[in-house]
Amino acid sequence: MVELKAKSALGGQSAVQIGAVRLQEVEGSKLSAIAPFAGVDAKLSEAMELAYGFGFPEPGQVLQKGQARCVWFGHRQALLIAATPDETLAELALITDQSDAWCSVSAVGAAAEDVLARLCPVDLHLRAFPVGHTARCPLGHINVSLTRVAADGFEIMAFRSMAASLWHEVTAAAELVAARAALP
Amino acid sequence: MRVEGKGRIDRGAPLRFTFDGHTHTGFEGDTLASALMADGVRLMGRSFKYHRPRGVTTAGSEEPNALVTIGSGARQDPNIRATTQELYDGLEARSQNRWPSLGFDVMGINDLAAPFLGAGFYYKTFMWPKAFWEKLYEPVIRRAAGIGALSGEAPGDKHEKAFAFCDVLVIGGGAAGLMAALAAARSGAQVILCEEDRACGGRLLAEVEEVDGQPGADWAAALEQQLRDMENVRVMTRCSVTGAYDQGTYGALERVAHHVGDPKGAPVECFWRIHAKRAVLCAGALERPIAFRDNDRPGVMMAGAMRAYLNRWGVVPGKALAVFGNNDNAHRTARDLQEAGVHVAALIDSRADAPNLAGDVPYYAGAQVSRAFGRQGLEAIQIRLPNGKVERLQVQGLGVSGGWNPSVHLSCHMNTRPVWDDGIAAFVPGKDAVPGMSVAGAARGRFSTAACLQDGAEAGQVAASALGFVAEVPQVPEAEDAPYRLRRLWTVPGKGRAWLDFQNDVTVKDVTQAAQENFRSVEHMKRYTTQGMAPDQGKNSNIGALAVLADATGRDIPETGTTTYRPPFVPVSIAAIGAGAEGKGYAPERFTTSHDASVSAKAPMIEAGLWYRPSYVPRDGEKTWRQSCDREVAMVREHVGICDVSTLGKIELQGPDVGQFLDFIYVNGFSSLKPGKVRYGLMLREDGTVMDDGTCARLDDNTWLMTTTTAAAGQVMTHLDWAQQAFCNKLQMRFVSATEQWAQFAVAGPKSRDLLNALLDAPIDDASLPYMGCVSVTVGGIAARLFRISFSGEHAYEIAVPARYGASLFDHLVALAEERGGGAYGMEALNVLRIEKGFVTHAEINGTATAFDLGYGRMISPKKDCIGKVMAARPGLVGEGRQQLVGLRPVSAIKEMPAGAHLFDDGAEPVRENDQGYVTSTCFSPTLGEVRALALVRNGRARHGEVLRLVDHLRGVDMRCEVTDPVAFDPEGGRLRG
Chain E
1 MVELKAKSAL GGQSAVQIGA VRLQEVEGSK LSAIAPFAGV DAKLSEAMEL
51 AYGFGFPEPG QVLQKGQARC VWFGHRQALL IAATPDETLA ELALITDQSD
101 AWCSVSAVGA AAEDVLARLC PVDLHLRAFP VGHTARCPLG HINVSLTRVA
151 ADGFEIMAFR SMAASLWHEV TAAAELVAAR AALP
Chain B
1 MRVEGKGRID RGAPLRFTFD GHTHTGFEGD TLASALMADG VRLMGRSFKY
51 HRPRGVTTAG SEEPNALVTI GSGARQDPNI RATTQELYDG LEARSQNRWP
101 SLGFDVMGIN DLAAPFLGAG FYYKTFMWPK AFWEKLYEPV IRRAAGIGAL
151 SGEAPGDKHE KAFAFCDVLV IGGGAAGLMA ALAAARSGAQ VILCEEDRAC
201 GGRLLAEVEE VDGQPGADWA AALEQQLRDM ENVRVMTRCS VTGAYDQGTY
251 GALERVAHHV GDPKGAPVEC FWRIHAKRAV LCAGALERPI AFRDNDRPGV
301 MMAGAMRAYL NRWGVVPGKA LAVFGNNDNA HRTARDLQEA GVHVAALIDS
351 RADAPNLAGD VPYYAGAQVS RAFGRQGLEA IQIRLPNGKV ERLQVQGLGV
401 SGGWNPSVHL SCHMNTRPVW DDGIAAFVPG KDAVPGMSVA GAARGRFSTA
451 ACLQDGAEAG QVAASALGFV AEVPQVPEAE DAPYRLRRLW TVPGKGRAWL
501 DFQNDVTVKD VTQAAQENFR SVEHMKRYTT QGMAPDQGKN SNIGALAVLA
551 DATGRDIPET GTTTYRPPFV PVSIAAIGAG AEGKGYAPER FTTSHDASVS
601 AKAPMIEAGL WYRPSYVPRD GEKTWRQSCD REVAMVREHV GICDVSTLGK
651 IELQGPDVGQ FLDFIYVNGF SSLKPGKVRY GLMLREDGTV MDDGTCARLD
701 DNTWLMTTTT AAAGQVMTHL DWAQQAFCNK LQMRFVSATE QWAQFAVAGP
751 KSRDLLNALL DAPIDDASLP YMGCVSVTVG GIAARLFRIS FSGEHAYEIA
801 VPARYGASLF DHLVALAEER GGGAYGMEAL NVLRIEKGFV THAEINGTAT
851 AFDLGYGRMI SPKKDCIGKV MAARPGLVGE GRQQLVGLRP VSAIKEMPAG
901 AHLFDDGAEP VRENDQGYVT STCFSPTLGE VRALALVRNG RARHGEVLRL
951 VDHLRGVDMR CEVTDPVAFD PEGGRLRG
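Quick mapping for you: the protein sequence lines, in order, are chains E and B. Residues in the first sequence are numbered from 1 upward in steps of one, following UniProt numbering. Residues in the second sequence are numbered from 1 upward in steps of one, following UniProt numbering.
Excised from the complex, chain B in its bound form:
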């Protein structure tokens, strides 16, 4: 219900929203939680395991109970904390983890079965039979236990990632953070201030207190505005810093458009990576509960949260309220309620000697709340008086305070443990926990407003000064400076279940049972009970649970220690982390200049690394890829074909010492290559296996052009950089990638020269351009490069023009080829052509094959050294034991020889021990009229003519084939040179 005259909401701006289909009205400035509370809704969710009715517990991002789903369909957003969801007109929220309704939840039966479902029950109960776990138990448990779900549709909202940089990052915009930001900003440093809430102020927004003679919230708003007006400050509200990482990197989640119904194309969330030279952690503190019987009833909440609802939003959870605490701070709640005219039925302080600071309220010193009543909403509490008698009191709301825990989380993200401070009975950040990050205010146990302001101001000054800025500690305004007094109380003893972890349904008994069953380490207890493992990551329960564990194991709290705090501080959606990587966003696409022409010709494009290349280029009447492929192969063998080979890596090398460098890179000699000539080369990795192959042309005395395979272009470039910098840095030569500069096309087939002579400004012949030669030519006056090289075994060329002319040249080439009975061909045909010729690709250069294996052993020049030469000669890398490149042809009724199939001696069992090798490449050769394959076979070169058994265990193929020479077509190479 609303409290007249209270709250910082705009009562002139009503907002309609629905919760589980019921329409409610709130106001601008409300959160979903405050608006529901205003309408008397206390039941907001069902617990994870027992489906117990739960209500709102906190007023911040630590909320364990009031998790709802916002929106539906593609925009369905589960597990949104009602406490941080700003209200907007038309908001649709639904409760979670209940069926058929929040009020009547069938799975509430779990609560009755609680005696069987305690700590470790999964481990004990669902052990046998083993097969049942995956098929039966786990699905059933997962269905019963749970939180919200995604819709299963692709996200309808946009998400974003971004980078930010600053000198000083201030994490948290409460009293300490505002002062830290101000101190740093005035020095001229670049400052980013991140505040999780919609506005700065922190607890000042939730308290009745003055700063500098004005209401704390007004003071904070004015200072926030002052900071926003400074050129060197960036105030990021609705932005939670989620993690501290190496070298001053921080992750942060900004809720950009969760506060509007229609983002209109804006990202709903942005995941920031902030790089800060210094950071000041001003994350404040979180209030902790006291465990007593049924302390999870809707209406029981943190005392500080109850105060926030009253002071910030003008709402209370009922007509009669009570407050229970072990510290002075809890008294403020009773005081504020009473002053606002709300009926305070009792203020209960567990300390017998604590004076009443709340004014005229019924005060129970030395008493404890021992039980809550009311299943779907709090109806009454039971108070145990110092004399042992109990009293029952009708209330609809109870504020509980077991003290405050500094938000040390970020300080622990780089593995420093927090330190126990006995004075405040809480952990504080360890010293120098994160390099470059200091901690100020309540986050390190300075709880009064005055202490926070002073601490923040000093920390901001220190951070800026450390970076060389001239910074002063700003004048600190006057503020509340009450001492924080408490006497620890974690649980109220008694029967029944007293809840520690609301979100994961862990009770005091679960923790003590874990200790009894010898899960005494805090990390073991956590995993055995699942305490602290829900979306709130134990923010509300960790300290209480380990205090109970300490007690149960007879140790003190520091000795018991904490579990590990890990990022993220608040849940981060995968959509935000992965923003930009949806669809094809995970990698750039590389398109050749002929891409549009291939797509227009309806060629299916296949990926080759990041490149897209045509698989085949279909013609009318062709129904299968094989028809197109066979036709394209025949076209090249009989007429002329055109293929875009621009994707091959091209590296241009210049300088007088290039030949010497290439001698060192390639196994074969290159310094002897004459200008105008091309040579095939093979390069090895350091370990002696083959890295890549390709041709290298000497364009003139000083300039060379190396080509690499498409797949290894980047790897070869890296390899060359390494070789030059590590071994050849005195050589007069440099190289640069020219892959993108040139569009290059293969013109292959008996009519290739005829075609080129129709294209080139001046004709060529065998004398001007023999096999393995290269020349400069012009096409329509444009300078081009022409190489006579072949990957098809035919008389063939590759012609290169500057990329801007690529599309145009491709069109001309295809048109000229079609006039000659040819046309464009794709990757399938290219593959068939090279398999027929026994040319290798990375199917054979597979990272294990040596030059010896591929039959290129004699290419390794004995006259010079090269990378990998020594290692390639190691025992075991040459000889009969090696799997060597061979061809295969079918000799059984079954003709299929799939790549990946394994080879065995004829008649041998097809088991691993008998393995003789495997098929690397396969195709139907239209030229030879049968299936042909390449394979790596043990001692293969000596076994030509032998019949082997081929078994593909995966595809169920079992056939016989004959080992042949790898070169199946035109072994003499007459067609190449002709």
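One chain only, chain E, in its complex shape:
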């Protein structure tokens, strides 16, 4: 019997600290796309509440209970993270495994906001984009899902195939921000 070896999107890229931001691949979470069928949005939200302790997120919203999270992901679409899809939901919504479809990178540190301001046309000020907020937006030319996970931390998700470009964009921006901070 053959053995298949797993490889993450960034293939073991180690974390880097660039100036005041730390960039790291986030691996291993179970990801499921969830999208309600016609006219059952409220029912789905109730069923999710029973199954996970949170309903279906509003646009731009992240709901969380324990490790499990649900991130708004588009028009009547969300991404369940670190939660096993519940059988009871299948009659109400599309539920599809997306665990391998996305590359996830975290950007944490005092400069995280400044680095992302080089790439994303979104107001990321804590006041406008607090913890628990998410957006689908461009990062350079890459379409990403951007979520604030801490006062100084973000998680960026892009198509797995674009992992190298994503890493390049954020590290290059971080290097410019770090070098600028060192200017007289």
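Mixed in with the good hints, there may be bad ones.
[What the hints assert, rightly or not] Derived pair list, reagent style BS3-like, types lysine-lysine, alpha-carbon separation capped at 27 Å: (1) Lys730(B) x Lys43(E); (2) Lys389(B) x Lys319(B); (3) Lys864(B) x Lys674(B); (4) Lys730(B) x Lys7(E); (5) Lys677(B) x Lys863(B); (6) Lys602(B) x Lys730(B); (7) Lys30(E) x Lys43(E); (8) Lys5(E) x Lys602(B); (9) Lys602(B) x Lys584(B); (10) Lys584(B) x Lys7(E); (11) Lys389(B) x Lys509(B).
[Said to hold, decoys possible] Label-pair ranges, simulated between beta-carbon atoms: (12) Pro862(B) x Gly66(E): 50 to 60 Å; (13) Ile577(B) x Leu183(E): 34 to 44 Å; (14) Asp41(E) x Asn846(B): 50 to 60 Å; (15) Asp700(B) x Asp41(E): 34 to 44 Å; (16) Ala154(B) x Ala15(E): 28 to 38 Å; (17) Lys5(E) x Arg626(B): 34 to 44 Å; (18) Arg626(B) x Gly66(E): 52 to 62 Å; (19) Glu27(E) x Ile577(B): 34 to 44 Å; (20) Leu50(E) x Gly578(B): 44 to 54 Å; (21) Gly621(B) x Lys5(E): 30 to 40 Å; (22) Ala182(E) x Asp422(B): 46 to 56 Å; (23) Lys674(B) x Ser29(E): 29 to 39 Å; (24) Ala154(B) x Ser29(E): 36 to 46 Å.
It is worth saying that the hints were derived from the structure and are not from the lab. Heads up, the beta-carbon is just placed ideally off N, CA and C, and yes, glycines get one too.
Use these hints to put chain B onto chain E, whose structure you have.
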């Protein structure tokens, strides 16, 4: 020369720099212009057209003359204004547009030819012969006329783009801007204050005056610091707001590292896109010249600039200076010079009744400066006295003031015209010119410091209040409140050339000549004379020029109007606008999980949309791509080949109504498809032409998997979203892209099943997986999907695993294939295999082809409706007149049948009128041993066997070929099912 005791420079911090190779020394706080002036350098550049010697004219970003090149090689930065270039140790600057040297410029001969080079001379002189323009005249003119140049190397410096957001954007950090920012900031609003200079203060940095009982510059510095200390304020210095755009978006150029010799990896510039809910424009005002004979001599400058050089940098352009103006403000220059101990030879005011406000200086009321002398530097001026007599006065510097023009530019960026204010003889911003933007201070003609402070404070309060913040007008400090009195004077009449536009060499005579030649509209005058078209965009010359035009055409100024103010307010380098898009930065790269393996195998990677796919996978001894391709085709036909097909779009659909939805999307029926089965489908655009094709599998009762072509994956997803939202929003079903979730590989060839049975945990056979079937399998315990489909015409499969296992599975598959005489194959072989089989791609589905054209007309089910069905049946979209898909094989000695070549009846002239169609795809088929092509040919299906003439006008091919069935290999499909 330096003036002791003056200036806000750090005399304890000397900085060495070079200009045209000569070493100079300046101080921390200097600009290149002030440091050169301190060392007695007045000649800093050559003019654009006549190569006239020019010196510094202003003390800001509007500078038209002192443009220099900084650095060399990859870091060469041309057209830097010496007036904004901060001095640093080791700075290297060079003058521009001169040869061999700034002092002796051969092209200065142009100046002697000036009578022939006036307005419109290009248009009049270089008309004939026509061919000479592009080949001779234009290159010569471009060489002679010009400014700085790039090195031609890729930029050695980094650039950056960034986004910023705020409640209130304050544009300009002078007296008005500081107060506006303070008022808004105290309300708790998020405030961005952009200041072009290295520090806030605006004119306060250049004047001798007090604000709140302390020197104005100190007051500004303290307030700037106070703002910087506030959590909700971002003070961006060295940052020019360059444009006002829709919905509160502003462009801004930040000079991040132009003030250091080595940026050490930092961007030299950052182009900001600032989104502001409200903005306050506090851009101040620009002083305007008065035109008189030879008023462009180095040493002649704006009176306000001369004052700035004295007060801010402690420098003056010579020992004896004079000031000439038509307003009270000019008197301040004479006063400050005199008080600083500099010899003021004359203060000349064109107003006979104006009192002297400058103190003990020789005062000439009602007089005018009518001429400047000294070619490479001002030596003397000629004063015309009220009685008509003239006097000559030895001076090295002359400050000129024709009044001040409010910087209305940004207020005009959304097409509102400025309004003429007769009281100050200048344009002020139109009302509500830019939605959400107000204007305060000198930018709207409030010129005294006290008025600016008050106006700014109120504007800041209003802006914040409009957003719901509780804002108060802060207490406004005490400051100078002198009235601004002037009597307009645009030009001093007389012989010779009086300059309006220093940067583009336009004189009073040019403008009047334009009017005489009936270029009377200000827009026509501009284009005829090129006035206002240089990097300064007429900041110094526009109002003067249109005043001259108004006079020449007998109209008043408001009637004459202004030309259009467009972004950017200051020049923006393309490198800043395009930051991040260098190299491969213009688009992301998409890599398959087998990418590294393909690269290791030395496969040349080709782009397919954003994806990279192997073109072919060379083996030892293969010298050309054809050798590899032929071998790979044979490998698939005889053994087994492996190809990464993950780039094809995969869309997973779930719900009880998916079948109904697919019936509506595809031309053929899908609701009848049984679980475990795959069907080929064709979808149309609304207009009836073919959009895409692919297979769709029913994985189970509730779950379907559609595949699309690589190229159209995004388009199909958009199409499905549109179809669902517009027509099917009641259906119980949803879909999501699964392209990235699965790594999918084609396993094609007679030994494909044998290979799979060595891989899979449980074997398959014809019964468990017949042609066009799909099953769930496991590989090493990992759940996988297996489809029996073929794009090669061989017995073939596609196997999909979660992407994390893709790289590993690919290695296994290639190894198993190589054991069986096969291996990996690339796009070239894939293309040959499908052309041999007559399978279409987007070379045939080219946006004009219909299902009928491709021979799929009967796939359109008569039993149901689908998108594009009605339109596909329109007259003209079916029938003999259509170009239909056929195969081609060569019958002449020439075998080449290039894609893109056109087809004609045998013996017909190869001209457009005789066109019968064109070649869409072509290849050498190693299987058939000859070139084969697919083509779209008029009424082609009825012409199998006919010989056509094939002509490729581009590549010079002219040959004969026979029309065949598109399927050249295994037409019965026995190999597929076997």
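Hint by hint, here is what the structure shows:
For the proposed pair Lys730(B) and Lys43(E), the alpha carbon gap of about 16 Å is at most 27 Å, so the pair holds. Under the criterion of a C-alpha separation no larger than 27 Å, the hint pairing Lys389(B) with Lys319(B) is consistent with the structure, at around 26 Å. At roughly 18 Å between alpha-carbon atoms, Lys864(B) and Lys674(B) fall within 27 Å of each other, so this suggested pair holds. Under the criterion of a C-alpha separation no larger than 27 Å, the hint pairing Lys730(B) with Lys7(E) is inconsistent with the structure, at around 40 Å.
With a CA separation close to 21 Å, the supplied pair Lys677(B) and Lys863(B) stays within the 27 Å bound. For the hint linking Lys602(B) to Lys730(B), the alpha-carbon distance of about 51 Å lies beyond 27 Å, and the restraint is violated. Between Lys30(E) and Lys43(E) the alpha-carbon distance is near 24 Å, which keeps this suggested pair within the 27 Å criterion. Straight-line distance between C-alpha atoms of Lys5(E) and Lys602(B) comes to about 23 Å, which keeps the hinted pair within the 27 Å bound.
A hinted pair counts as satisfied when its Cα atoms are at most 27 Å apart, and Lys602(B) with Lys584(B) qualifies at roughly 21 Å. A distance of roughly 25 Å separates the Cα atoms of Lys584(B) and Lys7(E); the hinted pair therefore holds under the 27 Å criterion. Pair hint Lys389(B) plus Lys509(B) holds up; C-alpha atoms about 24 Å apart against a cutoff of 27 Å. Pro862(B) and Gly66(E) have their C-beta atoms about 56 Å apart, which keeps the hinted 50 to 60 Å range intact.
For the pair Ile577(B) and Leu183(E), the supplied restraint of 34 to 44 Å is violated, since their beta-carbon distance comes to about 22 Å. For Asp41(E) and Asn846(B), the Cβ-Cβ distance of about 41 Å falls outside the hinted range of 50 to 60 Å, so the restraint is violated. Look at Asp700(B) against Asp41(E): about 25 Å separates their beta carbons, and that is not inside 34 to 44 Å. Between Ala154(B) and Ala15(E), the C-beta spacing of about 31 Å keeps the proposed range 28 to 38 Å intact.
Against the hinted window of 34 to 44 Å, the Cβ-Cβ separation of Lys5(E) and Arg626(B) comes to about 35 Å, which satisfies the hint. Distance hint check: the CB atoms of Arg626(B) and Gly66(E) are about 60 Å apart, consistent with the given range 52 to 62 Å. Against the hinted window of 34 to 44 Å, the Cβ-Cβ separation of Glu27(E) and Ile577(B) comes to about 37 Å, which satisfies the hint. As the Cβ distance of Leu50(E) to Gly578(B) is approximately 52 Å, the hint placing it in 44 to 54 Å holds.
Restraint check, Gly621(B) to Lys5(E): a C-beta distance of roughly 32 Å satisfies the suggested window 30 to 40 Å. Here the CB-CB span from Ala182(E) to Asp422(B) is close to 53 Å, well matched to the stated 46 to 56 Å. Distance hint check for Lys674(B) and Ser29(E): the Cβ-Cβ separation is about 35 Å, which falls inside the suggested range of 29 to 39 Å. Remark: the range hint 36 to 46 Å for Ala154(B) to Ser29(E) is upheld by a beta-carbon distance near 41 Å.
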